[in-house]
Amino acid sequence: MNHAFWAHDFPRLYIGIFEICFGIVLIASPQYFTNLQRRFRRELKDPVLGSRFLSVLQRRQSIEALPLMPWRVMGLFGIILGYLTAFAFVTPVVSYALFCFALSALTCVVFLRMRNRSERRAAMLTPRTATDTAPWWLYAAAVVSAMTPLPFLNVTGLSAPAAVVALVSAFSIVAAATVNGMAAILTGDDAAIEAIVERRMRTVRVATPLILATAVPVVFLAMGTSFLRGNASVLQNWAFAVSFGACFVSFAWLAACIARKQFARDRVLVV
Amino acid sequence: MSETLIAVDPELQTPPYQQIFEQIRAAIERGVLPADAALPTVRQLAGDLGVAPNTVARAYADLQTEGWLVSEGRRGTRVADRLPANRRSRTNALADAVMRFVQSMSHRGYTGAEILEAVQRTVPRG
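So the protein lines, in turn, are chains A and B. First residue of the first sequence? That's 1 in my numbering, and the numbers climb one at a time after it. First residue of the second sequence? That's 1 in my numbering, and the numbers climb one at a time after it.
Isolated chain B, as found in the complex (with noise of 0.2 Å):
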């Protein structure tokens, strides 16, 4: 069984309800989540992340708004069946995870130079 883990890190500029946003759409787009899967409920999200209810509630929310979970009452929140038109969303996807990526490492003091030097021997070329 394969195990998604989701992450907050404080140490990013993108707020943590942001975070928890583009990463359970990330794993949507991934497959990880199939279509009708179960989400953990908010107060269990909450908890094991260490943010306020809110936090999550509010990218859930979100979330919800853009097609891609459908809250069922009981049954709690899941991934929708039918997922949004997603080609234009997997590449903001994209960009979002790269800007959040150079946003961290120059906060660790590495320059745009090292980053993309590091990048190009890590990212196999064709």
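With the rest of the complex left out, here is chain A (with noise of 0.2 Å):
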């Protein structure tokens, strides 16, 4: 294949073909991402806690009630702009920044509007800091990530699409701090089993927008070098090297977290 596939045909029809398969799954399954037992499968299995984790898994999901719709509306869109982005209507940088902004705007409007609408709350005696979910170098990848794009701004057919993965990243930013400082789910009926989940759950919403702000800049710093070829200047390639490492720190802090992940119920047996 030669050097015009790789340079347009490919980041066309890659960028395309993912959005829609994205938004098929968006439509096809919501619950994939508002189902809080997925993140419990190891725990659900257990045949001493797992009823009870279940129990409160189940009261959870039904106080939060995450609706569904707006993962549908995402999935269409997705399809409609990888369908304009694979027949070459839309720029792959351009639909690549539309659809990382919907993204973003999706996942705002889902976790923030999430209250405790339970009459019955409870609450742990325990302070809670910006930096219990995340670290604070997870925030300042994020910061240092969401300005890469800006060497970009003056690049005539690029100028938008960073002004906009720019936006997108600090928004996500905003997002992440916004969901740490949220209310605690707690109902008080199964309280060390409530503590395990509400931990979890509320590291998963930071960390998710947060590693969203480092890893949409870099895709797009990656589409933009490659836009140039060999013409990016040195300060555009320094911020696709920073942008690349800012990405690399938060998917090797989401590792560790995995890799590290204590069985909850070590944790329960200790309370």
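All clues given are correct.
Negatives, chain A to chain B, calculated, CB over 10 Å: (1) L66; (2) V73; (3) F111; (4) R205; (5) V219; (6) A241; (7) W253.
Okay, the calculated beta carbon distance ranges per label pair: (8) A:L76 x B:Y110: 52 to 60 Å; (9) A:A177 x B:E66: 32 to 40 Å; (10) A:T34 x B:R43: 26 to 34 Å; (11) A:I258 x B:G67: 43 to 51 Å; (12) B:Y110 x A:A177: 45 to 53 Å; (13) A:A28 x B:R121: 50 to 58 Å; (14) A:R41 x B:V123: 35 to 43 Å; (15) A:F248 x B:V123: 56 to 64 Å; (16) B:Q64 x A:A177: 24 to 32 Å; (17) B:Q13 x A:D46: 36 to 44 Å; (18) A:N35 x B:A57: 35 to 43 Å; (19) B:R43 x A:G230: 47 to 55 Å.
It is worth saying that the hints were derived from the structure and are not from the lab. Since the structure is predicted, the reported quantities are computational estimates derived from the model, not experimental observations. Beta carbons are placed, not taken as given, at the ideal position from N, Cα and C, and that holds for glycine.
Could you fit the two chains together into a complex? Lean on the hints.
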């Protein structure tokens, strides 16, 4: 395959097919993104605590009552955008920026409207801080990452997508901080299990937009530097390297979190 | 790690600030909240419990007045190092808790005899 394919057709097809597939998944099974039980598969299989986890998760799911419709709308948007990208009506860079913007807006709409609507509410007597769920340097990596598209603002054809991607990244950081400060969803019926579920879900919901904030710019910068071929400036190349580093750091943190995830049963038995 | 949860029951006649006050005091008396343990901010606790910040602030203020908590500016609110002589408080706390329990059960339609019988069946003798 020649250079033109890799420079033009491959990003167009790759982004287009990715958006269509993501859209189909969102429409077919939006509950995959709202279902709490998939975060506690191991605990749910436990012969001693499984039923307690199931009961707490079901109760929490009904309190959160996350709507499925926004995910389906996002899915439809992804399919239309993917189609327009694959058939070259929209450039892959613009398509990617719009897709990220919609995904970020969806995350904010869904998570930030979540409230504890139960009649009986409980609270833990331990203070929460901004770094309970994610370390300060992950926020720093996300902030640095949000600034990396800025050197592309003066490139014709990339200026608007660069601005959108930077805004999406910044928006995601604000969303993560806001989710971190949201009220706990506890009823006090099973303190030990509810505390574990609360901590894990808060971590997941803060980490998701933070990682999105680092992952979104790196893909854009990869496409941007490829778009410029060998003509990218030193600053633009550095921006790409920094963005890649920030993304690597955030995924390394995520991998470390998964690796050391203590089996919840051990903690419950200590209580 | 032990999780100390407190709850506000809107069905009780006891005002929410009093419920918060009594549960925090009980947690300190039982040793669940050790000396110098940090407490959540007024805003955090109010948000979690779904009550007005003034409600939590009033409970914290009363606990500080009685010597259970100390406020240390930027360090926030903490359990006092030296707790008040608490024999009387323990007795009062138990009496208050029993009263709240009986009130709550009465609201749900149980008679005094039924509540007493259930308590006698549950509490170990000796």
